[in-house]
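Colleague: Hey, can you piece these two chains together into the complex? The hints should help.
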Amino acid sequence: MNHSFSLFEQVFLVVGLLSALGSFAFEVGRRIDVIATGTGSLPFDKPLQRIWRVIREVLLHEKVIRGRLLPGLMHGFVFWGFMVFGLVTIDHFAIGFEYPLLSQTAHHLYSFIVIPFSLLVIAGILYLAYRRFVLKPVALGKMSPTSGLVAVFITVLMLTYLFGELNLSNTVWKVNWWLHSLMILAFLFLIPRSKHLHLVLAPFNIFFKPFDQPDHSPVKIDMEASEEELDKMLSDLGKMTQNQALDIFSCVECGRCMDACPANRGGGILDPKHHFILDLRDPILESGNVDVLSQVNVEAGWECTTCQACTEVCPVGNQVEKSDEIRRLQVLVEGNVPQEYQKLFNNLQNTGNTEGATSSSLVERLPKYTPEMEYVLWLGCFARYELDPNFTTSVENFAKILDTAEVSYGILEEEHCSGEPANRLGDKLTFAMLREHNTEILQNVTKIVSMCPHCVVNLEKEYAKYGQVSYKVEHHSQVIGRLIEEGKIAIKVGDNGKVTYHDPCNLSRMLEEVDAPRTAIQSVTDQYFELPESGKNTLCCGAGGGLWWKKETEGRTHLVRAEQVVDSDADTVVTGCNFCYGMMNQGLGPLTPEGKEAVQVKDISDIVAENLL
Amino acid sequence: MKICVLIKQVPDKDSPLSISDNNLSISESNITWVANESDSYALEEALQIKEKQSGEVVVCTLGKESAQQIMKDALAKGADRGILLSDPAFENLDILSTAKAIANAIREEKFDLILSGLQSDDQGNSQLGLLLAELLDMSHASMGMGTEMTGDSGIKVKRELESGWFQWTELTLPASISIQSGINSPRYATLKGIMMVKKKTVDELNAEAVGGDSINSKVQLKNLYIPEKSKETTFIDGSPDEISDKLVDIFKNEIKVLN
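Chains A and B, in that order, give the protein sequences. First residue of the first sequence? That's 90 in our numbering, and the numbers climb one at a time after it. First residue of the second sequence? That's 26 in our numbering, and the numbers climb one at a time after it.
These are computed hints drawn from the structure, not numbers from a lab. What you are looking at is a predicted structure, and each value in this text was computed from that prediction instead of being measured. Some clues are possibly wrong.
[Stated by the list, open to error] Taking lysine to aspartate or glutamate pairs in the EDC-like style, the calculated list, with each CA pair at most 16 Å apart, reads: (1) B:Lys223 with A:Glu316; (2) B:Lys225 with A:Glu316; (3) B:Lys225 with B:Asp105; (4) B:Lys217 with A:Asp301; (5) B:Lys217 with A:Asp311.
Looking at chain B on its own, in the form it has when it is part of the complex (with noise of 0.2 Å):
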């Protein structure tokens, strides 16, 4: 069983977030940059599948040079090797983009299983295992609970759907699926998986080696901007019926809602 783990670096839900000068992008000074949670749960699941089953884990990613630390962490968990995408040409490439990239990436690794999660905690578009599958052929199911192999070819997902509903499919292999946090209780890398990352190899591409110019975003970022709060209130005083004169006054000539 040849597994391919997506992984991304975001910045720590905890970090204060502004938005730099240029109104394209966050300030990065004083960000912490973890592993994507969603991601975290998908790396558990195949490093799992990888004990039942035996194969490879490997481990990509496209984001900056920094990057490598979550890949590190991944590979101190229990991955084999990993595939870091870096190039600044990837910077504010589309979703699209991003997955031609990693597709032409991967394409010739030929994995049984791509296991991303379900969502990045930054962009959340929620579309990569889904493009992927597309790129390369595979089946896909999205918001995976529980994953449960069927022989060689297949794989069993359960799925979360609304209102509590569950529900088991099966797809045949390959297929790509994206994994909901909480599926599984993620392991702490052990000192001897640390010390082993040394051992492990990390291929760098860059945007030369995975399509060149045909990747281009056909989105373009045009500003970002945090959304304005206001809170506006007006204490009504008087008695009950001055109120409710007040009232029907503000409702008809103020914010105009009765005629």
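Isolated chain A (complex conformation) (with noise of 0.2 Å):
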């Protein structure tokens, strides 16, 4: 059926799309704009990864999915009839203008699709209203009409498509068509100006997300630098960069990251959801720029664990946590430092260690690195200086297992700390410290081993941002993996009961290891299972982000995970960090009800060297 429209409808019907796309173009405009004054710049490197990704994470809605199955189901419902619906949308408009794109036997073959789709994004976006207001699951937070209203637009976009299909009057079918046309129109004007923006800017966000997570930018500190210069980068430290600045236009509001968040859950006050993306977003709008950090609430940004869950979870790509923001403005532009802080970096600065130790009996039993040897044995602080003692017969077993192999190690006597702790809180001038001592003493070495992936993290991903570094480090899962699957080294199913993982977030978020710590456990228990959030979902220890030294803590970040090891029953938990063994023995004899026996805390290094042949 061909359609006449009068040029009186024409000319309403452009003055309507060019006031519509034009109010469009310029509020993403306008915040294109805000996110161009933010430091650094987009990234472009590797670019077919980017596209699988963009491929992986908006068109199959991988994360959307994964994270929560029925809404993201039904979110992906409403995606792909989108997906579709784009062709029909743009016909529907060429139509007005009496030139169809689709011949009507396309259009009506056409239909054969897109009819389902539109009853599939009917049925999608009745269950997200159905869940946004009578659910009313605490993420998503306060009534927002605006999602009511789109869920309107929506589902009358897909009836009077379905409406418009059928066999109409011409009067009937222009009223429906201009229904259709109008509610378009309506929301184009609502998109940039709402959280729905996120169907924009979430494939760009996606595609520029950093691939190493925590992606902090370094803090190069010159001390021959004038004072110009000084101020100058100490004024840069509050402002986002480019890619954060997109972060925060693109968040869509969902509150998975403060489902995930460990200090959220431990009962804390930090919401990343607010504190780090959204409590932004008017100020860089209202302002035009993005100096902002300094707005960040500092309680909430002292209470993060830098465990990366909600960047892990965040299915729009942004990278969320901004503690390290937070902190490296209060830590070297404020001096507002907790005092329990301020012992840690006079420590670190004063004796190289977390402790203040002057010696560690460990390292006086340990061989010593020489040149011939293949690794060398990173202890970090943890290890070295007992922080939890126990954790000693792990070292002690990780060396057995070396010796086994015949694999020769040696640790540098001279080792200082990684710099982790000083990093993660914000001292970044500790942190250059640290980092050029150890620099200097890694010099000629190429291979290190660590039982800490905090230390491994710095050492090779963190060290890395300020200049290459010559050396692979390694985290003993690894090696113990690996010496495994070569049979290097002769094990047994021993009897251990039921065994469960626990995977740390430095080793499975950030060093992206999840699969051989595995495959270590798994071949010497055979009653292996799976914690509830385990993988690159784990769940934080509460020790992270230099929160083992905060001597006192609002909410129970540190009993959240403890809790779920409890409950899971299991006999053993493996883990694969000394702060989350020394946190799980810390919270699970309290934790234990009475009357059942505590579950007890190994290193991989522990399981596997107790069921050595």
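Modeller: Okay, here's the thing in structure tokens:
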């Protein structure tokens, strides 16, 4: 059927389209201008990997669905429906100008695809509205009238499309056509002014997302700089990067970051969705610049365990965590540092270790590194100064495994703290001091192995932000996993009861290593099971981000994971990080109900060494 | 407002302490040197008063050349300049002589306020602030848990008494006040503060400059030793009657507390 449109209708349509598109372009443009004021630039390296990530995370909705199955799938229906509708929408307006893109046959054939999808969109949007307005999950936050309006728009769009496919009289068809058009125009007005802008920005944001997490820009301190240079450097610390500014406008306000945050779950005040993202949106839009990091809630910033769970779960590709930025402003610019952290920093400056210790008995017992050895065994302060005395056995067990496999290794007596706590707590100057010392002593080293993922992340990834590193750092689980696979150590399946594994954040999310520990553990046990949150979606033990040294914390950040382990009914929980090991040991005892045996805490090296043949 | 803060470099509480071969000093090989804890609170109090009232904060210490480190840290936190009294003759100076040396060094500065830590974590004399008040004719209050300036000529001090009691007392300036730990939250040196240190001055004074021979210790250290610990436990076995008999016997004949 051919439909005719009067000149008046066409003029009205042109005005409507131009103003909707114009307003859309204006609002998006305003935001792009703000993003452009950010520091750094948007990355285009590894384009194929980036495109592949967009395909997986946008087109296939991988993260959206994996994180929240039913709502994710329903969102997928709406999204895929929109994709299918793209052609329909263009054709819809083309019809208004009497130049339809699709022939009647093509339109008819295409409707066989569009009609089922429009039904899926209706199902999806009605479920999402039901979830938001009836189920009201806490993470979604306070009532959002815009979301209600969008649900109505989308439903009406679908219904008017379906209705338009029926055999209608000209007048009814025309009224229906205009209703559909007005919905689209209204939607164009609404999108850039609301969280629905994510449907424009998320694909770009996912494309530009850094591959390494966390991706805080390095703070390069030049002690010889002039006062002007110093002031410029310090004032830049308050600015977001372009990538961070893009995050702010891409946020869809789903609150997955809040659901994943260990500080929030432990009853702390930190709410990553608001503190790290949404609280910054209006200020940057109103001021037109991104110099807003000093406005983030400081207390919330100190609560963060820097575990990257928020960034990991974000479906629109945001690097949510901003505690690094908050803390470095507090330390370097404000000098406002909790007393226990000042003590920690002073220890690091005075003695090169977190505890202010001047000797370590463990160091005396281990072989010293000489150049013909394969590995430097990097102890880290936790093992070296026995922050949990039980962990010393784990170090000895790892040494036993290396000895059995005839792998040569030695420790460096002059090893200083990798600087991890200073780095994560914002003291970039102390971090620089330690980094320079360690870089110097590692000059001729090619291979390092460490039982502390915090050390591994810093020695390798964080140091590399400041200059090339010539060595390769492995986590001990990677070495053990390989020795098992290569048959260098003979092991048996032992009687270890029900065994589970707690993925350390630094190992799983920052080093992306989730397989090697499992290879090791599963080859010595036949009753292995996963915790509810595992792999890259692990839950932090509560010690990260320097919180190990925090004397008093609001809330129970340090107990949430231990509780989960107690509830899991495991006999043994294996960890791959000395800090997790210490936290589990502290948390499990008091949390174990009376009459129940406490879950045993073991390092990967313990469970493997105990089952050596 | 011109404020002098007395600071001292002391061994870190966590450092392993051992006595030197001469039995007169502590072996320094494994010691980490830090600023005395309560002095850090005194410095913070001074900086806060300066921020409210404007003026100058001068840090003063008597110690070895290595005390430059705590001096630098105080300057980085915001002190304006430093005075370092350093001389081999100052080794093992008693507290009165220390006070005389410092008094001579700062007399001409005419400070309105001297703030010192309540006591040093090493010697623990707790007298320096008081002695300086006497030597420089200033009013004095000890165990300061809070301060409040009253115009240009007075200061109110909250003093810690025993059993959780406090006392507010008003002093006329100039005054010397010793500050208790915990009175405030000491700041951390900012990057800008650290960079500014090189523009600040530290005056170094030797024994000659602060009185020469008149500074001599009245107290002589004879011997430094760690108190001997001994633990002697005797298990007494038997029936209750046998145990009480044996116990009475020990009381009478061994430790002789019964006749």
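Colleague: Determine for every hint whether it applies to the structure shown.
Modeller: Cross-check of the supplied hints:
no.	hint	verdict
1	B:Lys223 with A:Glu316	12 Å, holds
2	B:Lys225 with A:Glu316	14 Å, holds
3	B:Lys225 with B:Asp105	7 Å, holds
4	B:Lys217 with A:Asp301	31 Å, violated
5	B:Lys217 with A:Asp311	11 Å, holds
In the structure shown, a violation is registered for the earlier hint numbered 4 alone.
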